[in-house]
Structures are given as structure tokens and as C-alpha cells.
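**Q** End of the sequence shown sits at 121 in the numbering used here; the numbers just go up one at a time, nothing left out.
Treat the hints as calculated values from the structure; they're not laboratory data.
Please note that a few of the clues may not be correct.
Stated by the list, open to error - Straight-line distance between alpha carbons at most 30 Å, and here's what the computed DSSO-like set of lysine-lysine pairs gives:
#1 K116 to K61
#2 K115 to K99
#3 K116 to K99
#4 K61 to K25
#5 K99 to K117
Predicted, not measured: the structure shown is a model, and the values here were computed from it.
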Amino acid sequence: MSGYLIKDTTKEERIALIRSWQEPDDCVGGSGMDLFDMYDAYIRGEKEIAEINGEFQASYVKDTEDLEQPEEAKSTSGELTQLTKLHAEGALTDEEFAAAKKKVLGL
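Please model the complete structure; the sequences and the hints are all you need to start from.
**A** If you want it as C-alpha cells, here you go:
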């Protein structure tokens with residue numbers, strides 16, 4: 015095999031490549047993730063490995079960010095963002111913005 019790009023491989027070579035990464039118990043490090051499922055689009059010649067990895071990393075980062083913030087923090091952050099936007103648009107005066115921000119922060 016001259017490379018891993020779809021244009022450089024046959025379907026059989028792509029299957030063999032994924033098989034070479036597969037753990038003996040058919041999942042990655044006990045995570046329950048089946049690489050044949052994850053890289054199915056690559057095997058079928060629809061997406062490159064880098065694209066699939068990028069999508070996975072983006073979804074993983076988003077999932078962990080959601081886990082790191084409790085609902086209360088997300089709500090507070092969203093309210094502050096909205097207040098900042100309204101202040102920037104001129105819908106809130108400096109005084110109104112300061113008072114609303116204190117209320118959201120519980121000060």
C-alpha cells in the first residue's frame with residue numbers, strides 16, 4: 015500500500031488497515047468503540063481518515079465541555095452573554111447592564 019488515502023487504496027486494503035488497529039476484544043481499549051463502525055465511511059471510500067478523526071475529536075471536545083460545566087454555570091454564562099449583547103447593541107444602559115449582571119451573578 016503506497017499510502018492511506020482513499021485514492022491510493024483498495025477497499026480490501028482499507029479493511030486490512032482498520033483490522034490492524036483493532037484490539038483483540040474488538041473494541042478500542044475496552045471503550046466499547048468498534049473501529050469498523052467508526053471508520054465505515056473510510057472503508058466505503060466516502061471520507062478520509064483525517065476527516066473522521068477530526069469529526070470525532072470535535073464531538074469529543076464538545077461532549078467533555080458540556081460535562082465540565084454544571085447546568086447552573088451554563089445558564090449563568092448564557093445570561094451574561096445575552097446581557098453583554100444587549101448592552102453592546104445599546105438596549106441596556108451602563109447602569110442597567112451593571113445591575114442585571116450583579117443580579118445574574120447573585121451579588
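**Q** Please work out if K99 and K117 have their alpha carbons no farther apart than 30 Å.
**A** holds (17 Å)
**Q** Does the alpha-carbon distance linking K116 and K61 stay inside the 30 Å limit?
**A** violated (49 Å)
**Q** Would you check the hint for K61 and K25, treating anything up to 30 Å between C-alpha atoms as holding?
**A** holds (12 Å)
**Q** Just to be careful, I want the Cα atoms of K115 and K99 compared with a cutoff of 30 Å; is the pair within it?
**A** Given pair K115, K99 holds - Cα atoms ~12 Å apart, limit 30 Å.
**Q** Holds or violated: K116 with K99, Cα cutoff 30 Å?
**A** Status holds; Cα separation ~16 Å.
Violated hint for the displayed structure: number 1, the only one.
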